[in-house]
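Visitor: Put the complex together from the two separate chains, hints included.
Listed below, chain by chain, are the residues.
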Amino acid sequence: KAGVTQTPRYLIKTRGQQVTLSCSPISGHRSVSWYQQTPGQGLQFLFEYFSETQRNKGNFPGRFSGRQFSNSRSEMNVSTLELGDSALYLCASSLGLAQGGGGELFFGEGSRLTVL
Amino acid sequence: DAKTTQPPSMDCAEGRAANLPCNHSTISGNEYVYWYRQIHSQGPQYIIHGLKNNETNEMASLIITEDRKSSTLILPHATLRDTAVYYCIVRNTGRRALTFGSGTRLQVQP
Chain A
310 KAGVTQTPRY LIKTRGQQVT LSCSPISGHR SVSWYQQTPG QGLQFLFEYF SETQRNKGNF
370 PGRFSGRQFS NSRSEMNVST LELGDSALYL CASSLGLAQG GGGELFFGEG SRLTVL
Chain B
5 DAKTTQPPSM DCAEGRAANL PCNHSTISGN EYVYWYRQIH SQGPQYIIHG LKNNETNEMA
65 SLIITEDRKS STLILPHATL RDTAVYYCIV RNTGRRALTF GSGTRLQVQP
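As you go down the protein sequences, you meet chains A and B in turn.
Residue numbering for the first sequence follows the numbering used here, beginning at 310 and increasing consecutively.
Residue numbering for the second sequence follows the numbering used here, beginning at 5 and increasing consecutively.
All clues given are correct.
Straight line, CA to CA, 25 angstroms or less: simulated DMTMM-like cross-link-like pairs of lysine to aspartate or glutamate:
hint : chain 1 : residue 1 : chain 2 : residue 2
1    : B       : Lys56     : B       : Glu70
2    : B       : Lys73     : B       : Glu35
3    : B       : Lys73     : B       : Asp15
4    : B       : Lys73     : A       : Glu413
5    : B       : Lys56     : A       : Glu413
6    : B       : Lys56     : B       : Glu35
7    : A       : Lys366    : B       : Glu35
8    : B       : Lys7      : A       : Glu413
Pairwise CB distance ranges, derived in the manner of DEER restraints:
hint : chain 1 : residue 1 : chain 2 : residue 2 : range
9    : B       : Ala21     : A       : Leu425    : 43 to 53 angstroms
10   : A       : Thr314    : B       : His44     : 18 to 28 angstroms
11   : A       : Gln327    : B       : Thr76     : 38 to 48 angstroms
To be clear, the hints were calculated from the coordinates, so they are not data collected in a lab.
Glycine residues also receive a C-beta, built at the ideal position from the N, C-alpha and C atoms.
Chain B with its partners taken away, still in its complex shape (with noise of 0.2 angstroms):
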């Protein structure tokens, strides 16, 4: 799977838009970009994935480049409660294992 580098954290203002952005510059064709949280001492959540186009679901956006290198995770109306650990992860279709990497700490403030 394609090695993804996130910053090490963010701070977001509770209201705002949190963007997330991901690197991963190896992906193949066939790789997937997937997104995960994961709110302390919790199981990792699933949010969203996609191949090459944007996608959208009830919890946030993922806005994917056109040469795929590059993805950003967007929630729209950050709360305290998105405050967690935000993994992007690159799965190759037909591997179902995940290899999580360090992931960005978004921190929402009041």
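Same shape as in the complex, but just chain A (with noise of 0.2 angstroms):
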């Protein structure tokens, strides 16, 4: 079956401007997380969606917002980008098994964000 697909695999945008970034998780998963990797503060999570709400949010400013729709497909948004946002942003899917330590996260190839 097919993976997590994340678009768009590349961009660029300039300081101030505002990006979105899409994921598709594997089909019949009901989670989708999001997760910051940059070198310096390596992997850091953002935030989870299940049933379309906001499980569990990591520590990043309001600037970083995210949804889930209907079909678990999931955006996530970050308004007013700074430098520091350059980043690859991973979105992982999974059951959302509540139960044996909530399941194996697929992840995604990513999206890679650079902000000039």
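Guide: In structure tokens, the structure reads:
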């Protein structure tokens, strides 16, 4: 079956602009989470959505937001871009199990954002 | 989630077993040990997870000590394609987010 699909794969923006990234989870998966990866900070959790509701949120400013649609597809938005927002943004989907450690997460290839 | 400690880097000869250690001394009873790896510029890939028993799948084996304070990921016959950063993560039941540490950069040498 198809994996997690993220679009766009690469994009370049300038400071002050906003960006929207999209994630299509594996069919049947109801949980989608987002991560930011930078050389300095590593992989950091942004937020997680399950059944269209944000369930967890990492320590990021309000400029970072997201949503999930009824078909489990998710988008994240970053407003008023800063140079430090340049990163690989990764989306992961899972069944969203409440037991057994939560189940494995399947990651997409990421969207690489460069802010100039 | 409990904090994990991993060596920053390791080398392994191709064809030999790669044993990657992880310390999670503050793990609590309902926390699972997960292992992921990330090959350069790709999304992390799930490898294996366990609670207290040793686990094995087609990719690797996970050995968890009896006190659960440490674990070892074993790649039985490492290949060049196993060169990656390996992350050991302790995850609370019901918490679907992952807290990544710095991981271990495994270099498989020919």
